[in-house]
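Novice: Residues per chain, in single letters:
Protein chains: 2
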Amino acid sequence: MSLVIIAPSKNNKAYWQKRLEEELKARGEDVKVEIWPEVENADKVLMAVTWKHPQESLYAYPHLKVVSSMGAGVDHILKDEHLPLHWHIVRIVDEQLTRGMSNYLLAAVLNYHKQMYHYYELQKTHSWGYSETPEVELQPGILGLGELGTDIALKLKGLGFKVSGYSRTPKDIMGISTYAGEDELETFLQQTNMLICLLPLTKNTRDYLNIEFFRKCKKGTYLINVARGSHLVEEDLITALDQGLLSGATLDVFRQEPLPKEHPFWDHPKVFITPHIASVTNPDAAIPQVAENYVRMLHNKPLLNKIDRTAGY
Amino acid sequence: MSLVIIAPSKNNKAYWQKRLEEELKARGEDVKVEIWPEVENADKVLMAVTWKHPQESLYAYPHLKVVSSMGAGVDHILKDEHLPLHWHIVRIVDEQLTRGMSNYLLAAVLNYHKQMYHYYELQKTHSWGYSETPEVELQPGILGLGELGTDIALKLKGLGFKVSGYSRTPKDIMGISTYAGEDELETFLQQTNMLICLLPLTKNTRDYLNIEFFRKCKKGTYLINVARGSHLVEEDLITALDQGLLSGATLDVFRQEPLPKEHPFWDHPKVFITPHIASVTNPDAAIPQVAENYVRMLHNKPLLNKIDRTAGY
Chain U
1 MSLVIIAPSK NNKAYWQKRL EEELKARGED VKVEIWPEVE NADKVLMAVT
51 WKHPQESLYA YPHLKVVSSM GAGVDHILKD EHLPLHWHIV RIVDEQLTRG
101 MSNYLLAAVL NYHKQMYHYY ELQKTHSWGY SETPEVELQP GILGLGELGT
151 DIALKLKGLG FKVSGYSRTP KDIMGISTYA GEDELETFLQ QTNMLICLLP
201 LTKNTRDYLN IEFFRKCKKG TYLINVARGS HLVEEDLITA LDQGLLSGAT
251 LDVFRQEPLP KEHPFWDHPK VFITPHIASV TNPDAAIPQV AENYVRMLHN
301 KPLLNKIDRT AGY
Chain B
1 MSLVIIAPSK NNKAYWQKRL EEELKARGED VKVEIWPEVE NADKVLMAVT
51 WKHPQESLYA YPHLKVVSSM GAGVDHILKD EHLPLHWHIV RIVDEQLTRG
101 MSNYLLAAVL NYHKQMYHYY ELQKTHSWGY SETPEVELQP GILGLGELGT
151 DIALKLKGLG FKVSGYSRTP KDIMGISTYA GEDELETFLQ QTNMLICLLP
201 LTKNTRDYLN IEFFRKCKKG TYLINVARGS HLVEEDLITA LDQGLLSGAT
251 LDVFRQEPLP KEHPFWDHPK VFITPHIASV TNPDAAIPQV AENYVRMLHN
301 KPLLNKIDRT AGY
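Chains U and B, in that order, are what the protein sequence lines are.
For the first sequence, my numbering assigns the number 1 to the initial residue and increments by one for each residue that follows.
For the second sequence, my numbering assigns the number 1 to the initial residue and increments by one for each residue that follows.
Just chain U, with the same shape it has in the complex (with noise of 0.2 Å):
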């Protein structure tokens, strides 16, 4: 029996192979951790952990049973239309991951509320910005309420926010003001003035954020995307801030990364980028799952953070 890490473009694969080795052992088995493409015998490879992995490879192994993600997003496998139905997907879920992405979150939503980089340009020429003006009243919405939307939209709530959360099917969040589904989609953007994206990406939710979204949006709504840089349409966003409906973004994810040295973002007053830091999966904090996940499969015991393939998350 073996397993296969599939992730050409991470530099830690060695240190995944070691401590994954480490983690099965602790566990009782004795099962060798192969790297993509060097794989000594395709039949006795059970799982495949993937990150970004060329859609042909997983079909190399004829008993794959279990395709895990190397991080919290699934949309690498899932964009596979063809992927056969007895696969079992599964993802990581990382308490860190979820930390920092909501301390990203706060940073981003806190600089816009408290003008930070506005004193950041004051102070290079010198001069002393004080204002009695009050602060605009933030109203955050989170669009996608599973691990990580929750943890934003809690933490925000404590900061005193007043927050609204969307996602597909319903979800009842102590204090947060919650709408479901597509008839609740204008009551919802109704109610904010600071737009999150932490959607999953699905085939439903792949250009989410189009100009006819953006028309549905309080005017002067701000975004903020962390999620998939294809949940945004992204020559959309500029029409929009152009024409105002939307007062600015600051965005962490693109649809093509890195950002193109010549596309608009770059130099758009009004967008503020990060090159995909939002958040990272921590490696200590995923190993663990994926073997507990093996050794699962191995005894036909349920697996951890499966993925619900109708859905797409």
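Hints were generated in silico from the structure; no laboratory data involved.
Warning: the hint list may mix true and false statements.
Heads up, the list lumps identical chains together, so a pair's fine if it works in one copy or across two of them.
Stated by the list, open to error - With a straight-line Cα cutoff of 35 Å, these simulated DSBU-like cross-link-like pairs (lysine-lysine) come out:
#1 K124 - K52
#2 K171 - K157
#3 K162 - K25
#4 K10 - K216
#5 K261 - K306
#6 K18 - K306
#7 K301 - K65
#8 K261 - K124
#9 K18 - K270
#10 K218 - K157
#11 K270 - K25
#12 K32 - K218
#13 K10 - K270
#14 K261 - K52
#15 K10 - K219
#16 K261 - K13
#17 K270 - K203
Add chain B to chain U, keeping to what the hints say.
Specialist: Chain B alone, transformed into the frame defined by chain U:
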């Protein structure tokens, strides 16, 4: 009977006057509110509501009983060492001021943690600065555990940071490691690499943040001062930054405000300046407290938020 507002630098005194008269009327008291220096009958003044008043101005009122700050700080009142002991000094406790302060501090802490200004600069050169370097573990330490210090301590704790706090007298705050008195200062400083100054300004805390203090800090500690400019010996901060004792500073308060155009802080690469905007008292929260204290004074009831004259806060 009357009440006088002495606040030469404030431009909203007419609003205070109107709203204070309304709040007093709502409490059954028909009180004239005057604005210094236009006071009709100095004999009738029982209470002064002040912000950075000229020191001698209070002595014009022979029947003065209560001096109220218009904000949370009372250092502008207590700096007069000859203040008659029979004057009661009160201050404002404003939940919104506390929230605003914590929001500013969270932005400052998380901007350092997440290197947001680094990415802000990278964007200007169209540079994609993706990095998987793990974040430095932040250990926030709060100097001063009053209303504001306790609030930010608990909020940082809620984000998963290991938080320590230091105060003159021992405090017990759930989940926070607290230290008190001179004996425990060095132990406290060894637990922290992100120091937030929220001390009251008293004769004991003036010039508190000086080179001797910085030498006791963990090497590379980051400093945030949002209390008063006079807590910090400004030239000592520059020495500490240039010698690498501290890694950087975010400052909202200064010994002279506005900060003089030629001050070395403006161009120091490790200093981020904001113009005393971290948080301002909301008049609509403060005015009812002042009215309430006026009525309590008339009926010899205990005053709200009275200062301990010996402690100085």
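Novice: For each hint, tell me whether it holds in the structure or not.
Specialist: Against the structure, the hints:
{"no.": "1", "hint": "K124 - K52", "verdict": "between (42 Å within a copy, 29 Å between copies)"}
{"no.": "2", "hint": "K171 - K157", "verdict": "both (16 Å within a copy, 27 Å between copies)"}
{"no.": "3", "hint": "K162 - K25", "verdict": "between (48 Å within a copy, 33 Å between copies)"}
{"no.": "4", "hint": "K10 - K216", "verdict": "neither (39 Å within a copy, 41 Å between copies)"}
{"no.": "5", "hint": "K261 - K306", "verdict": "neither (38 Å within a copy, 60 Å between copies)"}
{"no.": "6", "hint": "K18 - K306", "verdict": "within (24 Å within a copy, 63 Å between copies)"}
{"no.": "7", "hint": "K301 - K65", "verdict": "within (13 Å within a copy, 76 Å between copies)"}
{"no.": "8", "hint": "K261 - K124", "verdict": "both (26 Å within a copy, 11 Å between copies)"}
{"no.": "9", "hint": "K18 - K270", "verdict": "neither (45 Å within a copy, 40 Å between copies)"}
{"no.": "10", "hint": "K218 - K157", "verdict": "both (20 Å within a copy, 34 Å between copies)"}
{"no.": "11", "hint": "K270 - K25", "verdict": "neither (52 Å within a copy, 48 Å between copies)"}
{"no.": "12", "hint": "K32 - K218", "verdict": "neither (55 Å within a copy, 44 Å between copies)"}
{"no.": "13", "hint": "K10 - K270", "verdict": "both (32 Å within a copy, 33 Å between copies)"}
{"no.": "14", "hint": "K261 - K52", "verdict": "within (23 Å within a copy, 52 Å between copies)"}
{"no.": "15", "hint": "K10 - K219", "verdict": "between (41 Å within a copy, 33 Å between copies)"}
{"no.": "16", "hint": "K261 - K13", "verdict": "within (29 Å within a copy, 53 Å between copies)"}
{"no.": "17", "hint": "K270 - K203", "verdict": "within (29 Å within a copy, 46 Å between copies)"}
In summary, the numbered hints that this structure violates are 4, 5, 9, 11 and 12.
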